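> Required output: the full structure, derived from the provided sequences and hints.
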Amino acid sequence: MKVVMLHGVNHNMFGKRDPHMYGTLTLDDINAEIAKAAKELGVEVEYFQTNHEGEMVERIHKACFDKADAVLINAGAWTHYSYAIRDALMILEVPVVELHMSNIHARDEFRRHSCFADCVTGQISGFGTDSYLIALRAAVSFAKQGKR
1 MKVVMLHGVN HNMFGKRDPH MYGTLTLDDI NAEIAKAAKE LGVEVEYFQT
51 NHEGEMVERI HKACFDKADA VLINAGAWTH YSYAIRDALM ILEVPVVELH
101 MSNIHARDEF RRHSCFADCV TGQISGFGTD SYLIALRAAV SFAKQGKR
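Numbering (our numbering), first residue to last: 1 to 148.
Worth flagging that the hints you see were computed from the coordinates, not collected in a lab. On a predicted model such as this, the values are computed, not experimentally measured, just so you know. Don't take every hint at face value.
Said to hold, decoys possible - SDA-like mimics (lysine to any residue), calculated; alpha carbons at most 20 Å apart, straight line:
#1 Lys2 <-> Arg148
#2 Lys144 <-> Asp69
#3 Lys2 <-> Thr121
#4 Lys2 <-> His52
#5 Lys36 <-> Ala138
#6 Lys144 <-> Gly42
#7 Lys2 <-> Gln145
#8 Lys2 <-> Ala77
#9 Lys39 <-> Ser141
#10 Lys62 <-> Lys36
#11 Lys62 <-> Met1
#12 Lys39 <-> Asp29
#13 Lys2 <-> Asn51
#14 Lys16 <-> Asp69
#15 Lys62 <-> Gln49
#16 Lys62 <-> Thr129
#17 Lys67 <-> Met90
#18 Lys62 <-> Glu46
#19 Lys2 <-> Thr26
#20 Lys36 <-> Thr129
#21 Lys67 <-> Ala38
#22 Lys16 <-> Ser102
#23 Lys147 <-> Trp78
#24 Lys16 <-> Ala38
#25 Lys147 <-> Glu58
#26 Lys2 <-> Ala37
#27 Lys67 <-> Thr129
#28 Lys2 <-> Arg59
#29 Lys2 <-> Trp78
#30 Lys62 <-> Glu44
#31 Lys2 <-> Ser102
#32 Lys67 <-> Gly42
#33 Lys39 <-> Ser102
#34 Lys147 <-> Gln123
#35 Lys67 <-> Ser102
#36 Lys16 <-> Asn51
Said to hold, decoys possible - Simulated DEER-style distance windows between Cβ atoms:
#37 Met90 <-> Tyr47: 16 to 24 Å
#38 Met90 <-> Lys144: 16 to 24 Å
#39 Glu109 <-> Lys2: 22 to 30 Å
#40 Lys39 <-> Glu109: 33 to 41 Å
For every residue, glycine included, the Cβ atom is placed at its ideal position computed from N, Cα and C.
Written as structure tokens, this is what we have:
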């Protein structure tokens with residue numbers, strides 16, 4: 001089983017960007033934690049991070065063509081306004097889990113809205129880096145059951 005982990009804008013700055021909100025782990029540290037969980041689950045994870053919206057859309061398209069079994073996405077700020085990414089996610093016919101380290105519903109008003117909410121399988125937010133691990137387990141479970 002292949003899962004694609006999509007990291008959005010500014011995630012390459014984890015560890016430096018607002019450590020109070022996002023912690024001190026780097027993106028490589030987070031991917032290493034995901035890899036441990038993936039090994040336990042017996043799945044392969046491909047990681048992708050970009051600060052360019054069009055590249056994210058292209059990578060979502062690639063997940064479709066490559067027949068990924070599930071997709072995890074932490075799109076960062078794009079969550080709140082990118083209808084291009086939303087439209088690309090709607091093409092996928094596999095479980096898609098939106099995740100956030102912070103609780104987006106307890107933050108600034110503009111961060112409480114997700115453009116993806118009505119087209120993803122589910123959302124996980126507010127559990128720090130554990131949000132990634134919870135999202136991975138949920139996506140794998142749904143994919144094994146053949147659920148979208």
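> A separate judgement is required for each hint: does it hold in the structure or not?
Hints, one by one, checked against the model:
Distance hint between Lys2 and Arg148 is fulfilled; the C-alpha atoms sit about 15 Å from each other, no more than 20 Å. Our distance criterion of 20 Å between C-alpha atoms is met by Lys144 and Asp69, whose separation comes to about 9 Å. About 17 Å separates the Cα atoms of Lys2 and Thr121, which keeps this hinted pair within 20 Å; it holds. Our distance criterion of 20 Å between C-alpha atoms is broken by Lys2 and His52, whose separation comes to about 24 Å.
The straight-line distance between the Cα atoms of Lys36 and Ala138 is roughly 16 Å, inside the 20 Å bound, and the hint therefore holds. Taken as a hint, the Lys144 and Gly42 pair is honoured in the structure, with Cα atoms around 12 Å apart against an allowance of 20 Å. Among the hinted pairs, Lys2 with Gln145 is consistent with the structure: their alpha-carbon atoms are about 15 Å apart, no more than 20 Å. The suggested pairing of Lys2 with Ala77 is violated, with an alpha-carbon distance near 26 Å, which exceeds 20 Å.
At most 20 Å may separate the alpha-carbon atoms for a hinted pair to count; Lys39 and Ser141 meet this at roughly 15 Å. Using a Cα cut-off of 20 Å, the hinted pair Lys62 and Lys36 is violated, with the two alpha carbons roughly 24 Å apart. Between Lys62 and Met1, the direct Cα distance comes to roughly 16 Å. Compliance with the 20 Å bound is thereby established for this hinted pair. Proximity of Lys39 to Asp29 is assessed by CA-CA distance (about 15 Å); at most 20 Å being required, the pair is judged to hold.
Note on Lys2 and Asn51: the hinted pairing is violated, with a Cα-Cα distance of about 23 Å set against a maximum of 20 Å. Proximity of Lys16 to Asp69 is assessed by CA-CA distance (about 32 Å); at most 20 Å being required, the pair is judged violated. Proposed proximity of Lys62 and Gln49 is supported: the alpha carbons are some 14 Å apart, at most 20 Å. Pair hint Lys62 plus Thr129 does not hold up; C-alpha atoms about 26 Å apart against a cutoff of 20 Å.
At most 20 Å may separate the alpha-carbon atoms for a hinted pair to count; Lys67 and Met90 meet this at roughly 14 Å. About 12 Å separates the Cα atoms of Lys62 and Glu46, which keeps this hinted pair within 20 Å; it holds. Between Lys2 and Thr26 the CA atoms are separated by roughly 23 Å; this puts the pair beyond 20 Å, and the hint is violated. Under the criterion of a C-alpha separation no larger than 20 Å, the hint pairing Lys36 with Thr129 is consistent with the structure, at around 13 Å.
A hinted pair counts as satisfied when its Cα atoms are at most 20 Å apart, and Lys67 with Ala38 qualifies at roughly 18 Å. This hinted pair checks out: Lys16 and Ser102 have alpha carbons roughly 16 Å apart, not beyond 20 Å. Annotation: proposed proximity of Lys147 to Trp78 is violated, straight-line Cα distance about 26 Å (limit 20 Å). Proximity of Lys16 to Ala38 is assessed by CA-CA distance (about 26 Å); at most 20 Å being required, the pair is judged violated.
A distance of roughly 24 Å separates the Cα atoms of Lys147 and Glu58; the hinted pair therefore is violated under the 20 Å criterion. Under the criterion of a C-alpha separation no larger than 20 Å, the hint pairing Lys2 with Ala37 is consistent with the structure, at around 13 Å. Taking the CA atoms of Lys67 and Thr129, the gap is near 27 Å; set against the 20 Å cutoff, the hint is violated. With a C-alpha separation of about 14 Å, the suggested pairing of Lys2 with Arg59 holds against the 20 Å cut-off.
Annotation: proposed proximity of Lys2 to Trp78 is violated, straight-line Cα distance about 24 Å (limit 20 Å). Of the pairs offered as hints, the one joining Lys62 and Glu44 holds, with about 16 Å between alpha carbons and a cut-off of 20 Å not exceeded. The suggested pairing of Lys2 with Ser102 is violated, with an alpha-carbon distance near 26 Å, which exceeds 20 Å. For the hint linking Lys67 to Gly42, the alpha-carbon distance of about 17 Å falls within 20 Å, and the restraint holds.
With a CA separation close to 25 Å, the supplied pair Lys39 and Ser102 exceeds the 20 Å bound. Of the supplied pair hints, the one linking Lys147 and Gln123 holds, its CA atoms being roughly 15 Å apart against a limit of 20 Å. Only pairs whose Cα atoms come within 20 Å are accepted, and Lys67 paired with Ser102 is rejected, the gap being roughly 30 Å. Restraint check for Lys16 and Asn51: the C-alpha separation of about 16 Å stays at or below 20 Å, so the hint holds.
Remark: the range hint 16 to 24 Å for Met90 to Tyr47 is upheld by a beta-carbon distance near 22 Å. The given range of 16 to 24 Å is respected by Met90 and Lys144, whose C-beta atoms sit roughly 23 Å from each other. About 37 Å separates the C-beta atoms of Glu109 and Lys2, a value inconsistent with the hinted range of 22 to 30 Å. With their beta carbons about 40 Å apart, Lys39 and Glu109 fall inside the hinted range of 33 to 41 Å.
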